[in-house]
Amino acid sequence: VKKIDIVVCNLYPFEQTLKNKRASHLDIVEQIDVGGPTMIRAAGKNHEHVLVVTNPDDYQSIIEKITKDTITTSFRKELAAKAFQHLAFYDAQIGRYLSDNTYPNELTLPARKGFKLRYGENPHQNPSYVYFDPQTRSPLSRLTKQVGRELSYVNFTDIASGLEVVQQFKEPAAVVIKHNSPCGIATGKNAVETLQRAVEADPLSAFGGVVILNCEIDEKAARAFAAFKENRVQMDIVATPSLSKQAKEIIHSVRKTTGIYTFGKLGALPKHRSHIKHVHGGFVTQPWDDNIEKQFKNWECVTKVKPTKQQLKQMQFAWKCITRIRSNSIIVVD
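When you line the sequence shown up against the working numbering, it's residues 215 to 548, in that order.
Calculated from the structure, these hints are not laboratory results.
All figures in this text were calculated on a predicted structure; none of them were measured in a lab.
Do not rely on the hints blindly, as some may be mistaken.
Claimed, not checked - The calculated label-pair distances, taken between Cβ atoms and stated as ranges, are:
1. Glu444 <-> Glu335: 29 to 35 Å
2. Ala302 <-> Gln230: 15 to 21 Å
3. Gly309 <-> Thr517: 46 to 52 Å
4. Ser238 <-> Gly495: 36 to 42 Å
5. Thr517 <-> Asn319: 44 to 50 Å
6. Ser543 <-> Ser238: 45 to 51 Å
7. Ile544 <-> Lys384: 24 to 30 Å
Quick reminder that beta carbons are idealized off the backbone N, C-alpha and C, glycines included.
The whole structure should be built from the sequences, with the hints applied where relevant.
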């Protein structure tokens with residue numbers, strides 16, 4: 215039997231089938247590859263003698279190295295590492311799909327590299343990358359720079375924190391984030407009103423902040439940034455579903471370094487989400503604090519003085535806001 219020099223294998227498209235809304239359970243299960251992973255695992259184990267190839271992006275470099283006879287031991291090892299990581303990524307999606315357990319004994323997190331950030335939490339922490347769940351529909355995965363500065367680690371996590379806030383509101387909403395915490399949250403009749411209210415809530419803290427909206431920035435709202443600058447308030451990052459060409463030019467003219475980003479339609483929040491945070495040596499997880507409006511139905515007034523309809527509306531607004539701030543912070547509602 216002749217020796218096998220190369221194993222090239224592309225697994226069944228389980229991930230793509232899972233994204234297909236029309237796919238039935240049987241359709242999805244049918245795309246669980248059996249033979250492919252077996253061949254990849256065998257080749258990966260014997261990588262000192264066999265090249266294992268799972269990524270089409272590597273085809274050209276492998277062809278060049280074979281042609282020039284420059285295949286090294288370290289290159290073989292690198293391909294094997296990619297192969298096992300690919301298998302783990304593939305199997306993690308299958309395990310999560312089949313499981314009804316939110317907190318399994320063994321936690322696997324499939325994620326694919328998204329985009330590079332300017333630097334980490336501090337400038338010396340470079341490079342820094344964002345990874346996305348392969349099944350995500352998050353607007354974060356559609357972040358597109360229109361003009362201005364690149365995102366840092368904190369800029370990106372600030373946008374993520376802001377999206378969690380504004381996605382709770384059906385009406386126009388805006389939030390100013392500083393270091394992952396809101397310093398101003400507001401709703402209004404339109405983009406300009408909600409933007410002005412969010413900044414005016416705490417203009418001192420808003421300086422150098424990140425502002426996120428759940429509605430399009432029009433020309434009128436963009437001109438508000440000039441007024442902010444006159445009051446010594448400047449924004450480092452602006453993130454919005456969309457904005458007009460004129461609005462982009464206006465904001466950019468106010469401050470050239472302000473990063474302007476769009477993320478498209480917000481869409482509905484996924485159900486049964488878990489919040490996972492990395493800690494030294496592992497992860498801590500908890501359910502997302504969602505379905506806030508359902509809690510309003512269970513409210514019971516236990517005081518002699520009953521709140522007015524306006525006060526009740528303000529309390530409901532505050533209740534939504536308080537789910538997105540750090541514990542022991544104080545919310546003042548006007």
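We went through each hint and held it up to the structure:
no.	hint	result
1	Glu444 <-> Glu335: 29 to 35 Å	holds (32 Å)
2	Ala302 <-> Gln230: 15 to 21 Å	holds (18 Å)
3	Gly309 <-> Thr517: 46 to 52 Å	holds (50 Å)
4	Ser238 <-> Gly495: 36 to 42 Å	holds (41 Å)
5	Thr517 <-> Asn319: 44 to 50 Å	holds (46 Å)
6	Ser543 <-> Ser238: 45 to 51 Å	holds (47 Å)
7	Ile544 <-> Lys384: 24 to 30 Å	holds (26 Å)
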